[in-house]
Structures are given as C-alpha cells and as structure tokens.
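Going by the working numbering, the first residue of the sequence shown is number 93, and it counts up by one from there.
Derived by calculation from the structure, the hints in this document are not laboratory data.
Keep in mind that this is a model prediction, so the values were computed, not measured.
Hints should not be assumed to be uniformly reliable.
Unchecked claim - Taking lysine-lysine pairs in the PhoX-like style, the calculated list, with each CA pair at most 20 Å apart, reads:
1. Lys-168 / Lys-121
2. Lys-171 / Lys-93
3. Lys-168 / Lys-107
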Amino acid sequence: KILQIADLEMNLDNKEVRRSDKKIPLTAKEFQLLEYLLRNKEKVVSRADIAKNVWEIDFDTQTNVIDVYVNFLRKKLDKDFEPKLIHTQVGMGYILKVDED
C-alpha cells in the first residue's frame, strides 16, 4: 500500500519513503509520525492527537518531543524540496498539505 501527497510517497509494505524519487531514510518513530500525518493529510492534527496516536501517551505540555520529531521530518522531507509539505498551524498543531502560496 502506498500513501502519497505531491511527490512524497510512503510504501507501507517495504517501509520505504521517497520524495521526488529520492529515497529518504527515516527512523522507526519518524516513519510512524509521517504515516500518521499522511493518513490525516490536509487535516490539522494537534500535538495531543500525535502523542496519543504515534507515541501512545497522554500529551505532556512540558515536553517538546513532538516538535523535535516534526523538525527531524522537515529536515529530511522539506529542506531540499519544493513545495514544503509540513506546516505549523499556530496554536493548533500541524498539517501535511501542498501549500498553494
């Protein structure tokens, strides 16, 4: 099964992620986070949603682990590519979408 947005593809069978046909190595947790974002693409997901569904914990407002992992994904998936796909919705969470700007 393939999850996709723009030129980003995730193969759930062989656990491979590609952007513009370039293979992107991800850790297991990065893969889980990206899979969650892809399954909810074009929807805002809160940090609490991510904590519950990716980390299987109650969200602790004292921790920035989710922001850290989103930044890991941004470095690997958005830094060298256009369009940017991972967006912050201030005060709400994150959204994976193709920016129309």
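Consistency of the hints with the structure:
Annotation: proposed proximity of Lys-168 to Lys-121 holds, straight-line Cα distance about 14 Å (limit 20 Å). Distance hint between Lys-171 and Lys-93 is unfulfilled; the C-alpha atoms sit about 26 Å from each other, more than 20 Å. Of the pairs offered as hints, the one joining Lys-168 and Lys-107 holds, with about 16 Å between alpha carbons and a cut-off of 20 Å not exceeded.
Of the numbered hints listed earlier, the single one contradicted by the structure is hint 2.
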